[in-house]
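> Sequence:
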Amino acid sequence: MRKSYERSKAPDGENHGYVSPGLERFDGRTLEFRHAYNICKLEAENLPDKQLPGFARHINSLTEDFNALGRYILQALALSLNAPQSFFLDNHSYMLSDDRFNLTTLRLLYYPPVNEENPKQLVRCGAHADYCSFTLLGQDSEGGLEVKLRGSQKWERVGHLPGALFLNCGETMALWTNQQYHALQHRVIVPEEDGTRRRARHSVAYFCHPDSKTLINPRDLGSGPSDSSNIKYAAITFL
Numbered sequence: 009m010r011k012s013y014e015r016s017k018a019p020d021g022e023n024h025g026y027v028s029p030g031l032e033r034f035d036g037r038t039l040e041f042r043h044a045y046n047i048c049k050l051e052a053e054n055l056p057d058k059q060l061p062g063f064a065r066h067i068n069s070l071t072e073d074f075n076a077l078g079r080y081i082l083q084a085l086a087l088s089l090n091a092p093q094s095f096f097l098d099n100h101s102y103m104l105s106d107d108r109f110n111l112t113t114l115r116l117l118y119y120p121p122v123n124e125e126n127p128k129q130l131v132r133c134g135a136h137a138d139y140c141s142f143t144l145l146g147q148d149s150e151g152g153l154e155v156k157l158r159g160s161q162k163w164e165r166v167g168h169l170p171g172a173l174f175l176n177c178g179e180t181m182a183l184w185t186n187q188q189y190h191a192l193q194h195r196v197i198v199p200e201e202d203g204t205r206r207r208a209r210h211s212v213a214y215f216c217h218p219d220s221k222t223l224i225n226p227r228d229l230g231s232g233p234s235d236s237s238n239i240k241y242a243a244i245t246f247l
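Going by this note's numbering, the first residue of the sequence shown is number 9, and it counts up by one from there.
These are calculated hints, taken from the structure and not from any lab test. Predicted model only: the values in this text are computed from it and were never measured. What you were told as hints is all true, and nothing was included just to trick you.
With a straight-line Cα cutoff of 20 Å, these simulated SDA-like cross-link-like pairs (lysine to any residue) come out: (1) Lys49 with Ser69; (2) Lys49 with Glu14; (3) Lys156 with Ile197.
Kindly produce the complete structure, drawing on both the sequences and the hints.
Below, the structure is given as structure tokens:
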């Protein structure tokens, strides 16, 4: 079933589909030990609904919830920056509705048990910052997620709070807000504890992107640190 839904088979270089371990290496070298299924299209014919009856219905319900929460967060971010409440919302009109116009992605992640004698040779997800506006992450209690706080070289573990989502701004939001909101580096390590690393880890990530062709201009957000004398970045068009 995996081969039938591989991301490499998606037309026009689209992100939708299954990604096998090792295909993504954020540092370009280290094997990243995980399976991922990227969902950018919600129609049943683009999902394994025949093999998993009801899958499309459940995924559509989940994306409705994520989109609703995403819209709420976009409005809260705008108000926090003294911008019109709909500022970000107006630039995120097609979240998980049409990937021709918006790259928002729901990603189902499975990290297999690690049984190697030297687990330090593997990483579950290499250090990186997300490119999107923000990410919402739901994870199980197996651990491994770490973040590097701004101005620090130390990695901090992110604990598990049942029912909670981890919110992390991406590089697009950092640029848009002239670094008033930062994109934190994060990674998923293989736990040192033998019993923990021999158990699988599961998570669900919602990557919220602005609509394609949106002009990302920090000057649009007014005064304060984004005042014209303090602007650090030129405007770009989100592709």
